[in-house]
Amino acid sequence: MSFISVNNVWQRYGDQVVLEGLNLHVAEGEFCTLVGTSGCGKSTFLRLLLGQETASKGQILLDGQPLAGEPDASRGVVFQRYSVFPHLSVLDNVALGLELPRSPLLGRLFGKAKKAAREQAAALLHKVGLGHALDKYPAQLSGGMQQRLAIAQALIMKPRVLLLDEPFGALDPGIRKDMHQLLLELWRETRLTVFMVTHDLSEGFSLGTRLLVFDKVRVDPHAPGAYGARITYDIPLNSARRKALAAELGATSQ
Amino acid sequence: MRLINRHPDRSSRLLLVLLPFALLLFAYFVGSAERLADNPNDKLLPSAGQMFEAVKRLAFSADSRTGDYVLWQDSASSLRRLALGLGISALAGLCLGIAAGTLPLFGAPLSPLLTVLSMVPPLAILPILFIVFGLGELSKVMLIVIGVTPCLARDLEQRAREIPVELLVKAQTLGASTWTLMLRVVLPQLLPRLLISLRLMLGSAWLFLIAAEAIASTDGLGYRIFLVRRYLAMDVILPYVVWITLLAWLMDWGLKALTRRAFPWYEGARA
Chain A
1 MSFISVNNVW
11 QRYGDQVVLE
21 GLNLHVAEGE
31 FCTLVGTSGC
41 GKSTFLRLLL
51 GQETASKGQI
61 LLDGQPLAGE
71 PDASRGVVFQ
81 RYSVFPHLSV
91 LDNVALGLEL
101 PRSPLLGRLF
111 GKAKKAAREQ
121 AAALLHKVGL
131 GHALDKYPAQ
141 LSGGMQQRLA
151 IAQALIMKPR
161 VLLLDEPFGA
171 LDPGIRKDMH
181 QLLLELWRET
191 RLTVFMVTHD
201 LSEGFSLGTR
211 LLVFDKVRVD
221 PHAPGAYGAR
231 ITYDIPLNSA
241 RRKALAAELG
251 ATSQ
Chain B
1 MRLINRHPDR
11 SSRLLLVLLP
21 FALLLFAYFV
31 GSAERLADNP
41 NDKLLPSAGQ
51 MFEAVKRLAF
61 SADSRTGDYV
71 LWQDSASSLR
81 RLALGLGISA
91 LAGLCLGIAA
101 GTLPLFGAPL
111 SPLLTVLSMV
121 PPLAILPILF
131 IVFGLGELSK
141 VMLIVIGVTP
151 CLARDLEQRA
161 REIPVELLVK
171 AQTLGASTWT
181 LMLRVVLPQL
191 LPRLLISLRL
201 MLGSAWLFLI
211 AAEAIASTDG
221 LGYRIFLVRR
231 YLAMDVILPY
241 VVWITLLAWL
251 MDWGLKALTR
261 RAFPWYEGAR
271 A
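Chains as they are written, first to last, in my numbering: chain A, 1 to 254; chain B, 1 to 271.
Excised from the complex, chain A in its bound form (with noise of 0.2 Å):
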């Protein structure tokens, strides 16, 4: 069973059809990539799965249960802009996540506990490269190391999936190559599934093992918002990743 299922969803804002009769099952593990036009739903999409919005039609299954209709900590995201908080220093941006969810009253943790979060956000920043930067505040920091934040804030909260907008789309060509190892590194590591939006083909080509392109299939030019787009074409990538990632499976499952 695919531990992701999308079944004949829709998605539409009043006349205008974004998304029409999306079918997809993506097995765990996955690293897809969407590409396509401006426009044309993927982020809507994103939105979908994040439960940010929900479907005028059709459903989500994740691990065969419906998506709860609202963002939860099973699913990180990390935007391209305004993911990480302005007020809070890069350690306590991604403590934050560790303290939230065991301090209903409060939202923060005091003494013992609240060492024992920072340590933990304190490694994990560590391992994205940020390990200089702890006590800095967000607006210090260049867009490349913002972005390092934001993946490591997702990171923390351990979601079964990670949903990833653009977040490269405002770095320079160097400090992309420098993040498409790292997210390459932990998705290895943590063999999460991601779902990526790109407007760089090549970004989508050689990070996932599996590129999905949503197109509209159907266009009426004097009712533009008549047809959404669909998955037009699913191609499975880097097959060494594929069948490593498989033999991973394989073995846990066993």
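Read the hints as simulated data drawn from the structure, not as lab findings.
Possibly wrong hints are sitting among the right ones.
Claimed, not checked - Ranges between beta-carbon positions, derived for each pair: (1) A:Phe110 to B:Pro164: 27 to 33 Å; (2) B:Leu135 to A:Lys115: 21 to 27 Å; (3) B:Pro127 to A:Thr54: 52 to 58 Å; (4) B:Ala108 to A:Asp215: 36 to 42 Å; (5) B:Val17 to A:Gly69: 57 to 63 Å; (6) A:Phe110 to B:Leu258: 23 to 29 Å; (7) A:Gln140 to B:Leu258: 45 to 51 Å; (8) A:Arg188 to B:Pro109: 47 to 53 Å; (9) A:Thr54 to B:Leu79: 32 to 38 Å; (10) B:Leu258 to A:Gly21: 56 to 62 Å; (11) B:Leu207 to A:Phe110: 41 to 47 Å; (12) B:Pro104 to A:Pro101: 56 to 62 Å; (13) B:Pro164 to A:Ser202: 25 to 31 Å; (14) B:Pro104 to A:Arg12: 20 to 26 Å.
As the list claims (entries may be wrong) - If you want a taste of the chain A side facing chain B, the calculated C-beta under 10 Å gives, among others: (15) Gln52; (16) Ser56; (17) Gly58; (18) Ser83; (19) Arg102.
Claimed, not checked - To give a feel for the contact side, a few chain A residues facing chain B, derived at Cβ under 8 Å: (20) Leu96; (21) Leu106; (22) Gly107; (23) Asp135; (24) Tyr137; (25) Arg160; (26) Leu201; (27) Ser202; (28) Phe205.
Note that CB positions come from ideal geometry on N, CA and C, so glycine has one too.
Position chain B against the provided structure of chain A, taking the given hints into account.
Same frame as chain A, now just chain B:
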């Protein structure tokens, strides 16, 4: 070089800052000296010496009837009312603003109500306050609260709405409930904005205070000014006005320093 591209350097900036104040003082004292030369009993533009005498009498010698030092007594009363009024307004404005700006179900009824309430001229309902709350301290504090709270709440609501939705979604993926999200994400981001709003509302708060004190009070800076007005005592009124201005400026400066110190991450803190 175009005027728009010319900047004062450090020393000339200081000079430019002081120049208008110096000109004002100069104009006043020239006018004062001329009038006093014509008529030594003139009360309209008292000389520096006359004002100094008045300040000495009010600030540094005990009142023969009550034994109080009038200026300090007035200042303490006024500042207490102002602090109480602004404190209550800040708390209420923060709660209302966060509720209206973060929770759509609260914003729907609150937002239009706050808009309408902020349009009520507070001084127009001053008589109602005196009737309802009596002539004591409560009505004066309430005037400040009623005048300042809706504007604060509206501003903070707007700021709460300006927090990018991505941050609210992110907090939810980090396991926040509505309550902890407001407590750890929305509230800390609005606190510096609250201090800035308070700075902008200081002028109105003083206006409401002086008005309330002028009409019904037995002490306070506004009371004193309106009391001695009967004797055309400009030698008291002018130092009082300067003193009030100084207090207001110090409060503004203090709030600005606090914003910068307490919220180093806040970009607007430098403004």
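Results for each hint:
| no. | hint | in the structure |
| --- | --- | --- |
| 1 | A:Phe110 to B:Pro164: 27 to 33 Å | holds, 29 Å |
| 2 | B:Leu135 to A:Lys115: 21 to 27 Å | violated, 56 Å |
| 3 | B:Pro127 to A:Thr54: 52 to 58 Å | holds, 53 Å |
| 4 | B:Ala108 to A:Asp215: 36 to 42 Å | holds, 39 Å |
| 5 | B:Val17 to A:Gly69: 57 to 63 Å | holds, 58 Å |
| 6 | A:Phe110 to B:Leu258: 23 to 29 Å | holds, 25 Å |
| 7 | A:Gln140 to B:Leu258: 45 to 51 Å | violated, 21 Å |
| 8 | A:Arg188 to B:Pro109: 47 to 53 Å | holds, 51 Å |
| 9 | A:Thr54 to B:Leu79: 32 to 38 Å | violated, 54 Å |
| 10 | B:Leu258 to A:Gly21: 56 to 62 Å | holds, 57 Å |
| 11 | B:Leu207 to A:Phe110: 41 to 47 Å | holds, 44 Å |
| 12 | B:Pro104 to A:Pro101: 56 to 62 Å | violated, 24 Å |
| 13 | B:Pro164 to A:Ser202: 25 to 31 Å | holds, 29 Å |
| 14 | B:Pro104 to A:Arg12: 20 to 26 Å | holds, 22 Å |
| 15 | Gln52 | holds, 6 Å |
| 16 | Ser56 | violated, 20 Å |
| 17 | Gly58 | violated, 22 Å |
| 18 | Ser83 | holds, 6 Å |
| 19 | Arg102 | holds, 8 Å |
| 20 | Leu96 | holds, 6 Å |
| 21 | Leu106 | holds, 7 Å |
| 22 | Gly107 | holds, 3 Å |
| 23 | Asp135 | violated, 11 Å |
| 24 | Tyr137 | holds, 4 Å |
| 25 | Arg160 | violated, 12 Å |
| 26 | Leu201 | violated, 25 Å |
| 27 | Ser202 | violated, 26 Å |
| 28 | Phe205 | violated, 27 Å |
Consistency with the previously given hints fails for numbers 2, 7, 9, 12, 16, 17, 23, 25, 26, 27, 28, ordered from lowest to highest.
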